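Take a look at the letters that make up each chain.
Protein chains: 4
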Amino acid sequence: MHRKLAVFALLVAAPLAAPAVAQDWTKSKWGPADEIGAANYITPELVVKAAQLVKTGKTYALGIETNSKTPAYPPRGFKITIVQPGQAGTPGLGPSKTTYNDDIIDGWVGVGSQIDGLGHIGVEYVYYNGNKLADFADASGLKKLGAEKIPPIVARGVLLDMAAHFGTDIVKEGTAFNTKEIEEVAKKQGIEIRQGDVVLFHTGWIGLIGKDDKRYNAGEPGLGVDGAKYLASKGVVAVGADTWGLEAVPFETKNIFEVHQILLPMNGTYILENMNTGPLAADKAYEFLFVLGVPKITGAVQGIINPIAIR
Amino acid sequence: MHRKLAVFALLVAAPLAAPAVAQDWTKSKWGPADEIGAANYITPELVVKAAQLVKTGKTYALGIETNSKTPAYPPRGFKITIVQPGQAGTPGLGPSKTTYNDDIIDGWVGVGSQIDGLGHIGVEYVYYNGNKLADFADASGLKKLGAEKIPPIVARGVLLDMAAHFGTDIVKEGTAFNTKEIEEVAKKQGIEIRQGDVVLFHTGWIGLIGKDDKRYNAGEPGLGVDGAKYLASKGVVAVGADTWGLEAVPFETKNIFEVHQILLPMNGTYILENMNTGPLAADKAYEFLFVLGVPKITGAVQGIINPIAIR
Amino acid sequence: MHRKLAVFALLVAAPLAAPAVAQDWTKSKWGPADEIGAANYITPELVVKAAQLVKTGKTYALGIETNSKTPAYPPRGFKITIVQPGQAGTPGLGPSKTTYNDDIIDGWVGVGSQIDGLGHIGVEYVYYNGNKLADFADASGLKKLGAEKIPPIVARGVLLDMAAHFGTDIVKEGTAFNTKEIEEVAKKQGIEIRQGDVVLFHTGWIGLIGKDDKRYNAGEPGLGVDGAKYLASKGVVAVGADTWGLEAVPFETKNIFEVHQILLPMNGTYILENMNTGPLAADKAYEFLFVLGVPKITGAVQGIINPIAIR
Amino acid sequence: MHRKLAVFALLVAAPLAAPAVAQDWTKSKWGPADEIGAANYITPELVVKAAQLVKTGKTYALGIETNSKTPAYPPRGFKITIVQPGQAGTPGLGPSKTTYNDDIIDGWVGVGSQIDGLGHIGVEYVYYNGNKLADFADASGLKKLGAEKIPPIVARGVLLDMAAHFGTDIVKEGTAFNTKEIEEVAKKQGIEIRQGDVVLFHTGWIGLIGKDDKRYNAGEPGLGVDGAKYLASKGVVAVGADTWGLEAVPFETKNIFEVHQILLPMNGTYILENMNTGPLAADKAYEFLFVLGVPKITGAVQGIINPIAIR
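Chain order of the listed sequences is A, B, C and D. Per my numbering, the first sequence starts with residue 1, numbered consecutively. Per my numbering, the second sequence starts with residue 1, numbered consecutively. Per my numbering, the third sequence starts with residue 1, numbered consecutively. Per my numbering, the fourth sequence starts with residue 1, numbered consecutively.
Derived from the structure by calculation, the hints contain no laboratory data. Every value quoted in this text rests on a predicted model; they were computed, and no experiment measured them. Glycine included, every Cβ here is placed at the ideal spot set by N, Cα and C. Be aware that a few hints might be false.
[Stated by the list, open to error] The list that follows gives simulated cross-link-like pairs (lysine to any residue, SDA-like), each with its CA atoms no further than 25 Å apart:
(1) B/132 with A/91
(2) B/143 with D/49
(3) B/79 with A/138
(4) C/79 with B/27
(5) C/254 with D/144
(6) A/144 with C/284
(7) C/69 with A/138
(8) C/79 with D/144
(9) A/254 with B/27
(10) C/79 with D/94
(11) A/97 with B/27
(12) C/284 with D/282
(13) A/55 with B/86
(14) A/254 with B/132
(15) B/79 with C/254
(16) C/144 with A/254
[Stated by the list, open to error] Simulated restraints, written as ranges between beta carbons of each label pair:
(17) A/32 with C/215: 35 to 41 Å
(18) D/256 with B/91: 53 to 59 Å
(19) B/130 with C/134: 52 to 58 Å
(20) D/132 with C/253: 54 to 60 Å
(21) C/214 with B/56: 46 to 52 Å
(22) A/168 with B/91: 35 to 41 Å
(23) C/283 with A/95: 42 to 48 Å
(24) B/172 with A/211: 54 to 60 Å
(25) A/211 with D/168: 38 to 44 Å
(26) A/215 with D/256: 40 to 46 Å
(27) C/283 with B/132: 55 to 61 Å
(28) C/215 with A/73: 38 to 44 Å
(29) A/218 with B/179: 55 to 61 Å
Next comes chain A alone, as it looks inside the complex:
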């Protein structure tokens, strides 16, 4: 009952945020100027409630390490170089002999733990809220839907332990999570998925990194087309997993990254990839405070992230 009241209070407090029937996905229900999509579901009330989930003070870094060996979707790559500008041949700068290291990135944002912004995926060059590629995707940075627009994602986080559900350490590639599987796991865990949530799937797939990178990259278990529609209809802010691309690969149909299309352009729902869900699953931490500040790189499509779960 407590939960029902909470949801009721929420709906009263934010009546405009009710999940809409997607009729013409190119028109956002949050208006023609909207650039943040499902982040609109976040309300102060939900933030307060999410913070109240913190009871043990245990924190979880959901980001994995990113480096030149991290398996990535081709042709993506990543490299960092450490330098010591202006110091060679000196004992350091000034009387206190200050020395320093700096670091340079040459890399694609979509390597390692990442959020897919709303400018990432489109349908025939049409992106979230009807934005056409030629109108916003400048080579020097997106003019709309850039990472700098993403507000703080502070929400109730929900973990769905699919590995436990399938009784395995690593769910098999191509396994699709649809309404049936999602509802079964939620029920088993005693968890209700609500508007404003961030939903994370634990599949164990990420455990392949460093052990079988080839298999890691070649497929993955994940969200199915029906499941994506289901979660979008629930009004979740973001969906993530411990996989490189969230959705089931091989794909369920001949469509390529259709789950991405349902979530990003059609519903404004963010995607979180390569999330380190293992420690949450080990602790059966199915509900938690989820906090993510996406680096505000102007016009970036994606973000290198390390969201924090707190419970």
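Model the placement of chains B, C and D on the given structure of chain A, informed by the hints.
Chains B, C and D alone, transformed into the frame defined by chain A:
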């Protein structure tokens, strides 16, 4: 009284974390293997208490936008490039015509909002916990003290509004914040600085970006040498400001970046730069839950960050 | 007469290299496997003859300096960073104290002096010899028509001094060089344009760099559509100029970079941009040995070059 | 006799260019302002004579392919990315439907075929002509000794076939070429090494690339300390080989890259690495016209090159 009790509980709960007298700074008080420094001050108890500061559900993105025009310490630069791999000449991939943007970074991590990791600053090539440059600073990534080691920084955040203190919108460059100023402002705001806190100074300096980048880069108000020792002795986890380099520039003495030396190598205290403190100051939000997950780029010196304040 | 004989000898020696009537430009006259286009016009006989043009031993670097300030076609940029890996804090490596600088490029190849390879320009995603974008333009490097395929370009170089022709230091933007202008200048200079030549236009335009970069980038005098067809029909190997894009801008018609299309995909004729022709013009050096080895970066579209003229 | 006369004429024509006894290497014999070192040996007379070596018209590209797999001295790396700016979702630009590929380099200059400029190697942070690191090595580019200063290297090229000398396809790593070996091979080949020459060693070592990259990178046959002094005393302009670092590795003594030190800072002699000498050796082409225009990247330490040999 509530506060005093809280501090008492803390000290009882974590007796080993008391700030030590720095005798030989090259030996960390957390042992020879320690790589996280003042993050050791974070305890589950403090996390729970910090989460209890959330009362309104308002969130603040402390990161500023980073792009090719962001003023940065030379020779640092930053550039992002948006690409559409494999799509030119197609209506999109597969029957659902999936199109996508990707982004490539060519840039220095130390541009825009950043955390200085413990491998950033040294004294004559000796870094935190006595690590010598040649032993850990590989060109392909730090072998110790890298950004991937920084645990979730979930803490009580404290804002010290120095602009209000000095009765100005923008505190003058070179103005040093030392024990006297820090204590005066804390008292004025009714705020106590405690072990495990993240302390942020609001100076208004960041307001110069885009208006007078040259002045922005040429100096800054900030923490003084005495103030740095004071905060380190308090056991704070990190100190930040809405400036590019935290400390007062022109420097107080002929030493160059001595405040960095006191904080990073000598005390393991993290530094947060280019923090967008204005909205917190405007709301007189002097206490809040501070959450930062630093992107886990293996061996990185610094991190491109967007910490979230929640109250 | 000497010249006529030479041409005669050439035609006898290389009968297959006669310029063909372009019927279907997607089929190279050098066969379906051809990837080098007009470089096929280079023959040992022509190389020997070109070398015989060397009489004074004076050499000319045709490359200009490339750096972060070089005006470039958006969004192109260029940056070099100098580093001293592994040396900070040491007196150098080993007993002989070896120290070294290294350099890192973050930049677009098409900045500064460059050759446009045959994979640069297409007509609706069809490139030289009918190659379709999707079939050869991998994000990690062109699978066909890459810079590594370009053979040594050793040829008779011919300079056409258009600035002298128009009686100005800097020919006005939009001025198109077509058959009439080319033939007039060649006649005036006593120069015949022959199969296998590299033709360079001197316009003075490059003198704007550093003085009026905005004007430099906004337009340029250059080759016209008719002139491009004329030179291609002559069988020249490459055409260059002291401008950023060779062709007259504003364009002669509504077509965009049509001269590029005539030369690169339709005739396999290379384009040389930002050539430092001033010293050649000053010396009235209208004929010379031209030598260019394009850096063999696998799959590169263009090349950062510094061709050498010798006379 | 012809040769002797030529040398005599040369000495008369350029009396100042005689190889000097190196007394204080930090003072160039070409004066305190000199930045080009042994390139001073190049004279118009020598250029004319070198051009006269062209008899067959056969050309040789001395550069090898450079890409992300090219073995390189750590931490160097190389990556090129092909993009199609502004075209996705269009049939091309304008009525003529112009499409284009562009390319971005993220890489170290010292990968693949390269010239070491005079700012590359020093002795305890002192470089050619006494330039101290702190005085010229800005992070954004060398202020002296940069690649843009290197004049056209047009010279008589000489190949010394060490593989043939040692009767093997691939000379063993660590094999040092000193005065004895150099003179023996020169004599055997009927070749005299003269002032102003570019000397290339063929060792076959480069044949390991792609077959045994690990061995390729771990050592190499090459020039010895005595041989380096010998060639410098001869007044050669540059010395190269079909190896990654020219000199014998493992080194002859405990000194590290001492041959580099003798050539670059002490004598201003350029080094050419990863030269594709195989085709020259196969043709027993021991004398040829050597032409190299180093890309004029302002302040670069090295150059990505593809010198052309013509005979």
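These are the hints, each one checked on the structure:
1. B/132 with A/91: holds (13 Å)
2. B/143 with D/49: With Cα atoms ~55 Å apart, residue 143 of chain B and residue 49 of chain D exceed 25 Å; violated.
3. B/79 with A/138: Given pair residue 79 of chain B, residue 138 of chain A holds - Cα atoms ~13 Å apart, limit 25 Å.
4. C/79 with B/27: violated (40 Å)
5. C/254 with D/144: violated (46 Å)
6. A/144 with C/284: violated (53 Å)
7. C/69 with A/138: Distance of about 21 Å is within 25 Å: holds.
8. C/79 with D/144: Status holds; Cα separation ~17 Å.
9. A/254 with B/27: violated (60 Å)
10. C/79 with D/94: Between residue 79 of chain C and residue 94 of chain D the Cα gap is close to 31 Å, so the pair fails against 25 Å, i.e. violated.
11. A/97 with B/27: holds (19 Å)
12. C/284 with D/282: Measuring from Cα to Cα gives roughly 40 Å; hence the hint is violated.
13. A/55 with B/86: violated (48 Å)
14. A/254 with B/132: violated (55 Å)
15. B/79 with C/254: violated (33 Å)
16. C/144 with A/254: Given pair residue 144 of chain C, residue 254 of chain A is violated - Cα atoms ~29 Å apart, limit 25 Å.
17. A/32 with C/215: 35 to 41 Å: holds (39 Å)
18. D/256 with B/91: 53 to 59 Å: With a Cβ separation near 57 Å, residue 256 of chain D and residue 91 of chain B satisfy 53 to 59 Å, so the hint holds.
19. B/130 with C/134: 52 to 58 Å: holds (56 Å)
20. D/132 with C/253: 54 to 60 Å: Check passed, 57 Å falls within 54 to 60 Å.
21. C/214 with B/56: 46 to 52 Å: holds (50 Å)
22. A/168 with B/91: 35 to 41 Å: Between residue 168 of chain A and residue 91 of chain B, where Cβ atoms are some 39 Å apart, the hint holds.
23. C/283 with A/95: 42 to 48 Å: Since the Cβ atoms of residue 283 of chain C and residue 95 of chain A sit about 56 Å apart, the hinted range of 42 to 48 Å is violated.
24. B/172 with A/211: 54 to 60 Å: Because 56 Å falls inside the window, the suggested range holds.
25. A/211 with D/168: 38 to 44 Å: Holds - the Cβ-Cβ distance for residue 211 of chain A and residue 168 of chain D, about 42 Å, lies within 38 to 44 Å.
26. A/215 with D/256: 40 to 46 Å: Roughly 42 Å apart at Cβ, these two residues keep to the hinted range, so it holds.
27. C/283 with B/132: 55 to 61 Å: holds (58 Å)
28. C/215 with A/73: 38 to 44 Å: Once the Cβ atoms are compared, 42 Å apart, the range 38 to 44 Å for residue 73 of chain A and residue 215 of chain C holds.
29. A/218 with B/179: 55 to 61 Å: holds (59 Å)
The structure fails hints 2, 4, 5, 6, 9, 10, 12, 13, 14, 15, 16, 23 (numbered hints given earlier, in ascending order).
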